[in-house]
Amino acid sequence: MKRRDLLIKLLGACCSKISITKLHSECLKVGLAHDSFIVTKLNVLYSRYASLSHAQKLFEETPCKTVYLWNALLRSYFSEGEWVETLSLFRQMNADVKSTKERPDNYTVSIALKSCAGLRKLGLGRTIHGFLKKKIDNDMFVGSALIELYSKCGQMNDAVKVFMEYPKPDVVLWTSIVTGYEQNGNPEVALAFFSRMVVLEQINPDPVTLVSAASACAQLSNFNLGRSVHGFVKRRGFDSKLCLANSMLNLYGKTGSIKSATNLFREMPNKDIISWSSMVACYADNGAETNALDLFNEMIDKQIEPNRFTVVSALRACAFSSNLEEGIQIHKLAVNYGFELDITVSTALMDMYMKCFSPENAIDLFNRMPKKDVVSWAVLFSGYAEIGMAHKSMRVFCNMLSNGTRPDAIAVVKILAASSELGILRQAVCLHAFVTKSGFENNEFIGASLIELYAKCSSVDNAKKVFRGMIHRDVVTWSSIIAAYGSHGRGEEALKLFYEMSNHSDVKPNDITFVSILSACSHAGFIEEGIKIFHVMGNQYQLMPNSEHYGIMVDLLGRMGELDKALNMINNMPMPPGPHVWGALLGACRIHQHMKIGELAAQNLFPVDPNHAGYYILLSNIYCVDKNWHDAAKLRALVKENRLKKIIGQSMVEIKNEVHSFVAGDRFHSESDQIYEMLRKLDTKMREGGYDSLVQAQEMHF
DNA sequence: TTAGGGTTAG
Numbered sequence: 054m055k056r057r058d059l060l061i062k063l064l065g066a067c068c069s070k071i072s073i074t075k076l077h078s079e080c081l082k083v084g085l086a087h088d089s090f091i092v093t094k095l096n097v098l099y100s101r102y103a104s105l106s107h108a109q110k111l112f113e114e115t116p117c118k119t120v121y122l123w124n125a126l127l128r129s130y131f132s133e134g135e136w137v138e139t140l141s142l143f144r145q146m147n148a149d150v151k152s153t154k155e156r157p158d159n160y161t162v163s164i165a166l167k168s169c170a171g172l173r174k175l176g177l178g179r180t181i182h183g184f185l186k187k188k189i190d191n192d193m194f195v196g197s198a199l200i201e202l203y204s205k206c207g208q209m210n211d212a213v214k215v216f217m218e219y220p221k222p223d224v225v226l227w228t229s230i231v232t233g234y235e236q237n238g239n240p241e242v243a244l245a246f247f248s249r250m251v252v253l254e255q256i257n258p259d260p261v262t263l264v265s266a267a268s269a270c271a272q273l274s275n276f277n278l279g280r281s282v283h284g285f286v287k288r289r290g291f292d293s294k295l296c297l298a299n300s301m302l303n304l305y306g307k308t309g310s311i312k313s314a315t316n317l318f319r320e321m322p323n324k325d326i327i328s329w330s331s332m333v334a335c336y337a338d339n340g341a342e343t344n345a346l347d348l349f350n351e352m353i354d355k356q357i358e359p360n361r362f363t364v365v366s367a368l369r370a371c372a373f374s375s376n377l378e379e380g381i382q383i384h385k386l387a388v389n390y391g392f393e394l395d396i397t398v399s400t401a402l403m404d405m406y407m408k409c410f411s412p413e414n415a416i417d418l419f420n421r422m423p424k425k426d427v428v429s430w431a432v433l434f435s436g437y438a439e440i441g442m443a444h445k446s447m448r449v450f451c452n453m454l455s456n457g458t459r460p461d462a463i464a465v466v467k468i469l470a471a472s473s474e475l476g477i478l479r480q481a482v483c484l485h486a487f488v489t490k491s492g493f494e495n496n497e498f499i500g501a502s503l504i505e506l507y508a509k510c511s512s513v514d515n516a517k518k519v520f521r522g523m524i525h526r527d528v529v530t531w532s533s534i535i536a537a538y539g540s541h542g543r544g545e546e547a548l549k550l551f552y553e554m555s556n557h558s559d560v561k562p563n564d565i566t567f568v569s570i571l572s573a574c575s576h577a578g579f580i581e582e583g584i585k586i587f588h589v590m591g592n593q594y595q596l597m598p599n600s601e602h603y604g605i606m607v608d609l610l611g612r613m614g615e616l617d618k619a620l621n622m623i624n625n626m627p628m629p630p631g632p633h634v635w636g637a638l639l640g641a642c643r644i645h646q647h648m649k650i651g652e653l654a655a656q657n658l659f660p661v662d663p664n665h666a667g668y669y670i671l672l673s674n675i676y677c678v679d680k681n682w683h684d685a686a687k688l689r690a691l692v693k694e695n696r697l698k699k700i701i702g703q704s705m706v707e708i709k710n711e712v713h714s715f716v717a718g719d720r721f722h723s724e725s726d727q728i729y730e731m732l733r734k735l736d737t738k739m740r741e742g743g744y745d746s747l748v749q750a751q752e753m754h755f
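For the first sequence, counting from 1, position 132 maps to 185 in the numbering used here; every step adds exactly one.
Derived from the structure by calculation, the hints contain no laboratory data. Some hints could be false.
[Claimed, not checked] Using C-beta positions, here's what the derived DEER-type ranges look like:
1. T180 - I463: 31 to 37 Å
2. H683 - P660: 19 to 25 Å
3. L273 - E413: 35 to 41 Å
4. A462 - D719: 34 to 40 Å
5. L273 - M217: 22 to 28 Å
6. G391 - M217: 34 to 40 Å
7. S274 - I353: 27 to 33 Å
8. M217 - G284: 55 to 61 Å
9. G591 - T397: 41 to 47 Å
10. H683 - Y552: 50 to 56 Å
11. D354 - H683: 55 to 61 Å
12. M217 - D347: 47 to 53 Å
[As the list claims (entries may be wrong)] Dumping the calculated PhoX-like pairs for lysine-lysine here, alpha-carbon to alpha-carbon at most 20 Å:
13. K312 - K324
14. K549 - K585
15. K355 - K312
16. K62 - K82
17. K649 - K680
18. K425 - K445
19. K110 - K62
20. K687 - K649
21. K445 - K490
22. K549 - K517
Glycine included, C-beta positions come from ideal geometry on N, C-alpha and C.
Work out the full structure: start from the sequences and follow the hints.
Next up, the structure:
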């Protein structure tokens, strides 16, 4: 007996492959090779310090297998991530029950359930759960495994049912349910459980709970709530926990608080690759692209090896700032580290190339990617639309479908947006049918995109049908339909919808809704209604008008010839007026031929936006009408001298599934002669009908 | 005798 105790003690202290082998042969020598306690211990040690195959061999050599031995081997497979093997072992154990009388215990089932969770095997998981209800009392370990199973399979109702069966759930069980909701895209409910746990049940959150809570706040972009979670972290003295600090970095990044993130990052005594990546991402996503790239390069200089996440974030910084040069450098780096063709990295690279107007590089990469998924396809077709090549998007989308890749909701939103750049009604109708057929019709984002698409195709009535057919209407849906009416000069209907929304629905207008309704008033010439709504915005909804709202108000007043009032509004703005505000005033001066105020607007515009040819043209036109040829010519010369170009308006027509695009005066089309012949005929007809000719309508071209 | 929940991305 004494020898056995000594061996057990030695096994407890064992920490290397060599000592296990020695101890194992010692056990064989003294005839303890079949002692179940010792065999189990040996098995655990073999899988920890040697390999699974050693553990498996010992398991097979043991004739009398106790439940502990089974559990030890199951755990070895499970911790290696071999979930399929774990489950097949579990089945084998159940088949052996009759002969060995060794029944699976709570520990066995926990491991089996977690393997099901890993493999998303809901059916098998449910079967085990059913078996459990009859045979084994629930304990907290089984409970958390069950919650994990149902959470991973998206069955939160079942997860919560399990949770409810425990009269006094412990911190781990609470955390499991918080995490479940957080990872199933329901951060509100996650935080509701969190606050219930902390406030009502007075259970102290531990680091894991706080990580999940922080992550839920990040999803909601809720800075204030996030700060209170940070308060918990500090109060409980978890500041030094690296994963918690990383969570907070992520939270501050998602809520756009560069300052808090930077402070935290600088104060962190230890940083790992997640900290660096989160900080780069924070800069990249919050308009600080230069900082993101500086930090990334600082890492490289310090020889800290970036991972896929870091590279993807740095690439995003290049994409947002159209920094092709830096993007190419990072591409080389990705090649050196060997993750150029990793699906997320190459998709980020493609996105960067597209946003830097280099589609040929994106295509090259796309063709070399060994695996493509819906995101890689979507980056390609939405990228084309973003750089003014929307006519290519639809073909890519169709290729994706024939490739057998189903679009997700985001991809559908992107293709609808691409199509609305073209404004072809027939295409819109096809896409609408596709949306219905694929079961996306009740998605709010897709509904709003469809409304916008139909509006861009000048089919406001179809937009209205989509709107009325939707089950849930959120603020985006409402804003889209109001914008649809507004942009077509149908101000009455836009106003009716706005009042229907604010008085008879439970959706509150936001700042974007006010952009829609104010510009609807502006286009329809509803000056008093516009001013009224502008005041309602602050008084009733506590929304501060931003510079865009002021721009629309200036446009509204200006169009109606109230130039003094418009100027007065600019002078009373709480923030400095941006270029579009002065631009609206200048446009109004062009309509109402007001040189003095026009010059004032131009004086404010030229220094801040010197490359915008349109502003020079507007002022020059004001001078022309006033017969001030001298100043008009001076402006023209300035434009030529600085080689400024107005962004050219493109027109597109779709004939037999092919899109033809034109710019003013181009002769590139193969049937150009016939097209101009037809234009001349139309021109004559227009003049006969008493309208201005097409040529006159084009006024000036630089 | 073994033990449960967690962080960054296209």
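Consistency of the hints with the structure:
{"no.": "1", "hint": "T180 - I463: 31 to 37 Å", "in the structure": "holds, 35 Å"}
{"no.": "2", "hint": "H683 - P660: 19 to 25 Å", "in the structure": "holds, 22 Å"}
{"no.": "3", "hint": "L273 - E413: 35 to 41 Å", "in the structure": "holds, 40 Å"}
{"no.": "4", "hint": "A462 - D719: 34 to 40 Å", "in the structure": "holds, 38 Å"}
{"no.": "5", "hint": "L273 - M217: 22 to 28 Å", "in the structure": "holds, 25 Å"}
{"no.": "6", "hint": "G391 - M217: 34 to 40 Å", "in the structure": "violated, 48 Å"}
{"no.": "7", "hint": "S274 - I353: 27 to 33 Å", "in the structure": "holds, 30 Å"}
{"no.": "8", "hint": "M217 - G284: 55 to 61 Å", "in the structure": "violated, 30 Å"}
{"no.": "9", "hint": "G591 - T397: 41 to 47 Å", "in the structure": "holds, 44 Å"}
{"no.": "10", "hint": "H683 - Y552: 50 to 56 Å", "in the structure": "holds, 51 Å"}
{"no.": "11", "hint": "D354 - H683: 55 to 61 Å", "in the structure": "holds, 57 Å"}
{"no.": "12", "hint": "M217 - D347: 47 to 53 Å", "in the structure": "holds, 51 Å"}
{"no.": "13", "hint": "K312 - K324", "in the structure": "holds, 18 Å"}
{"no.": "14", "hint": "K549 - K585", "in the structure": "holds, 15 Å"}
{"no.": "15", "hint": "K355 - K312", "in the structure": "violated, 23 Å"}
{"no.": "16", "hint": "K62 - K82", "in the structure": "holds, 17 Å"}
{"no.": "17", "hint": "K649 - K680", "in the structure": "holds, 15 Å"}
{"no.": "18", "hint": "K425 - K445", "in the structure": "holds, 19 Å"}
{"no.": "19", "hint": "K110 - K62", "in the structure": "violated, 23 Å"}
{"no.": "20", "hint": "K687 - K649", "in the structure": "holds, 17 Å"}
{"no.": "21", "hint": "K445 - K490", "in the structure": "violated, 24 Å"}
{"no.": "22", "hint": "K549 - K517", "in the structure": "holds, 13 Å"}
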